[in-house]
Amino acid sequence: MSTTPTTQEPSIEQEALRKALSSTPRPPRASALSATLTFGWRGMLKVKHVPEQLLDVTITPVMFVLMFTYLFGGAIAGSTSDYLDYILPGVLVMSVLFTTVYSGISLNTDLTKGVVDRFRSLPIWRPAPLVGALLGDSVRYLVAGTVIVVLGVALGFRPSAGVPGVIAAMALVIVFAFGLSWVFTTMGLLLRSPNAVMNAGFMSIFPLTFLSNVFVEPETLPSALEAFVDVNPISILATASRGLMEGNAEAGDIAIVLAVAAALTAVFAPLTTRLYRSR
Amino acid sequence: MGTPSALAIEANGLAKAFDDVQAVDGVDLAVRRGSVYGVLGPNGAGKTTTIKMLATLLRPDAGSARVLGHDVIAEADEVRSLVSLTGQLASVDEELTALENLTLIGRLLGLKRPAAKARATELLEAFGLAEAAGRLVKNYSGGMRRRLDVAASIVVTPELMFLDEPTTGLDPRSRNLVWDIVRALVDEGTTILLCTQYLDEADQLADGIAVIDRGKVIAEGTPGQLKASVGSGALHVRLLDPEQRPEAERVLERELGGVHLEPDPAALSSPCADTARAAEAVAALAGAGIGIATFSLGQPSLDEVFLALTGHPAEDSETPIEEEQAV
Chain Z
1 MSTTPTTQEP
11 SIEQEALRKA
21 LSSTPRPPRA
31 SALSATLTFG
41 WRGMLKVKHV
51 PEQLLDVTIT
61 PVMFVLMFTY
71 LFGGAIAGST
81 SDYLDYILPG
91 VLVMSVLFTT
101 VYSGISLNTD
111 LTKGVVDRFR
121 SLPIWRPAPL
131 VGALLGDSVR
141 YLVAGTVIVV
151 LGVALGFRPS
161 AGVPGVIAAM
171 ALVIVFAFGL
181 SWVFTTMGLL
191 LRSPNAVMNA
201 GFMSIFPLTF
211 LSNVFVEPET
221 LPSALEAFVD
231 VNPISILATA
241 SRGLMEGNAE
251 AGDIAIVLAV
261 AAALTAVFAP
271 LTTRLYRSR
Chain F
1 MGTPSALAIE
11 ANGLAKAFDD
21 VQAVDGVDLA
31 VRRGSVYGVL
41 GPNGAGKTTT
51 IKMLATLLRP
61 DAGSARVLGH
71 DVIAEADEVR
81 SLVSLTGQLA
91 SVDEELTALE
101 NLTLIGRLLG
111 LKRPAAKARA
121 TELLEAFGLA
131 EAAGRLVKNY
141 SGGMRRRLDV
151 AASIVVTPEL
161 MFLDEPTTGL
171 DPRSRNLVWD
181 IVRALVDEGT
191 TILLCTQYLD
201 EADQLADGIA
211 VIDRGKVIAE
221 GTPGQLKASV
231 GSGALHVRLL
241 DPEQRPEAER
251 VLERELGGVH
261 LEPDPAALSS
271 PCADTARAAE
281 AVAALAGAGI
291 GIATFSLGQP
301 SLDEVFLALT
311 GHPAEDSETP
321 IEEEQAV
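These protein sequences, in sequence, are chains Z and F.
Each residue of the first sequence is one higher than the one before, counting from 1 in the working numbering.
Each residue of the second sequence is one higher than the one before, counting from 1 in the working numbering.
For reference, chain F alone in the conformation it holds in the complex:
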């Protein structure tokens, strides 16, 4: 199995230019085996190009990378036999059925025809696609297509999986399903490199995050460290009775030092990144006899992260999932 290195991905100074655009400009990455590593950045930051270089689809202009101990240029074939890729465009054949897609991949990976078909059927069952197995993929919804895409990536369980924006454009339910699959894969020991535009997604799944902007890694750490460095999250509270809002405002002002009144007459929020302090503030509200319908500790958005880290907002960043759903 080659040389067992503790690192699944080691990249040093990866760079790639297209025409005169420097898409990736010296990216270093160190991803531990068995972990989920998030690469967070807006559209055009260089995430996909980085993944393509690591998955041997693009040759770097400069720098080097080893994936599972193999050099991505000199030992590209070894790398290919250990990884799988779920691209940003769903990497499935729209003109075939789901069953045919997975059977095709199984055959190409070396399974005999009956084994490939059996494996395809098993995956379609597990991914809740059994009923649609015989339908052409072009008639699939975005969420079903994504699921099939992920299934195609694990026809043979890879040691490392590249996931390029697996939930962009998905509704929350499909997104949760994809997340479940990712978690189950990690439990089985697969390492995952996850590119995403959503801090929330990286936070849910990743052990470590690199924030990438204009082809460079501009911050790195655990999700907690990253959010801490960004500073502000917010405690959102929604009251049972809007009449009590002025009183709640006074309590939160005292506890957290700053209140923002939401357009919803029953809702208000305070800047707060610390769960312990948020809990105290909620307890103080309850202690003052204020009825709380819901509360949550919100996270800074990618925009806020970018603003904090770079001083400029995330360019080209798309609408977050929640807002797309509201349409």
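Here chain Z stands alone, though its shape is the one from the complex:
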């Protein structure tokens, strides 16, 4: 035991340090919008540094499109090209909704790091880190959606409503995904590990997606199941997306999809924010 040696190797320039410490008047507080967009930017940066993380949102949809079209297409719809028209909007819905689980996983991963404490100690609009992260995730949804549509077109998918119809359908799916991801961010804050979030997330999204009209016409199902499939919001979303792509969407379906997205956000966004604050 000895006293600390007084010799120092000042790789820090005392002069520069003092200047850096004295030169910052406090700016006016960041607006809610600016803080949110900054967190969206943070999400983008992560993708920029680890572009491989886009693989799972591109490869999985490609797999699904190819598998369902060529493996099941003939059996389900009689021909692969007929089935492609039916399945493509469905796979779009499924792939994007599966991606929402990752929002919960990445939030849970964030919580294990010290950086969250810093975010929580900043004078910013409280939901900004969460809304911003979801905005960043929306870009992932867009990537997944684009990959599917481009692949579909390459395989012969020719929607009657053309590009505007496809864009409208994609927008609707992304809005719904935004609402749904709040459910998974809530899970992300309640469960202990990223793995637990992944398991719980896929265990809920998987059956919900398969028990919809994404893959098959509900008329072929037992009546009890058909009744469920008909009211499943994911069915309504898939129907609305097909409608938008084919130019025969029903306003009622679109309204229901938007209402469900709004309701999910209204319930789970405040819940997530509250949990994030108290965690």
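Watch out, some of these pointers could steer you wrong.
As the list claims (entries may be wrong) - Where chain F lies over chain Z, by a calculated footprint (3+ residues, C-beta under 8 Å): (1) 14 to 21; (2) 41 to 49; (3) 63 to 77; (4) 119 to 126; (5) 252 to 258.
Calculated directly from the structure, the hints in this document are not laboratory data.
From the three backbone atoms N, C-alpha and C, an ideal C-beta is built for every residue, glycine too.
Got chain Z sorted already, so can you dock chain F onto it with the hints?
Same frame as chain Z, but now just chain F:
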């Protein structure tokens, strides 16, 4: 600027329990503006929980606290806009570069993008991180990460800064750099609440210290008072010539009344807390013609402080920095 109170932190009876563990059990603190206040205690003593309550990250179960004149519960937003926190886990984003980290914080604090970037660059230069500015933080060493962490806390100079174990696990050089930064901040008028496991660190930086154990403040005072109440420090002497040790032993025995022979054949030590008496003892050695290579007045370790104050050793206390470095 609110009501100017002479106190930067006023806490009364703060308490927080997790499940059935009472992490903080009635902590009172009074920290003067512009001072460095050390909270000293072993792992699990309740230091981090106390900081988190004061930084508005945790809601106290009982008690109240005002930070820079604002209530931490009712006026949490005002508190947040005046303080910054350097957490025990480095509070930086490992998946971003250093430049991106600081720009992010600047943007969130309300700087426009060019200003945030300029400020980030300036800080990285000042903290000796300019060359590593574009590297992902996960590839940083512990010391660099800590520096970045502190830089992130002063993107906008805070009026009060919480530093939670800023040098735990750092090598002595990085530790000295962090200390330099803290001193420079204090010169600029920032108040600092420093949590640490090292008496040495509190002694180097703090004007006042509270020793905390099992969620309670068990002693409070200046570093000097605290060490005095603990009593023993020791004068360590290393001789030029080991042959002279028996003679040195006699001199120290006479001057300070007690000698311990170290494993090093040239070294010996005597209990002594008083610099004046230590100086006399060293002078007496020199007067007796004994060549001294080095001498130092060592401080009691956290363990000794705890033993003296509580009668039990500091639980869970980690190895001091010096010993970690020896590995």
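Checked hints:
no.: 1; hint: 14 to 21; result: holds (count 7)
no.: 2; hint: 41 to 49; result: holds (count 5)
no.: 3; hint: 63 to 77; result: violated (count 0)
no.: 4; hint: 119 to 126; result: holds (count 6)
no.: 5; hint: 252 to 258; result: violated (count 0)
Of the hints listed earlier, those the structure fails to meet are numbers 3, 5, in rising order.
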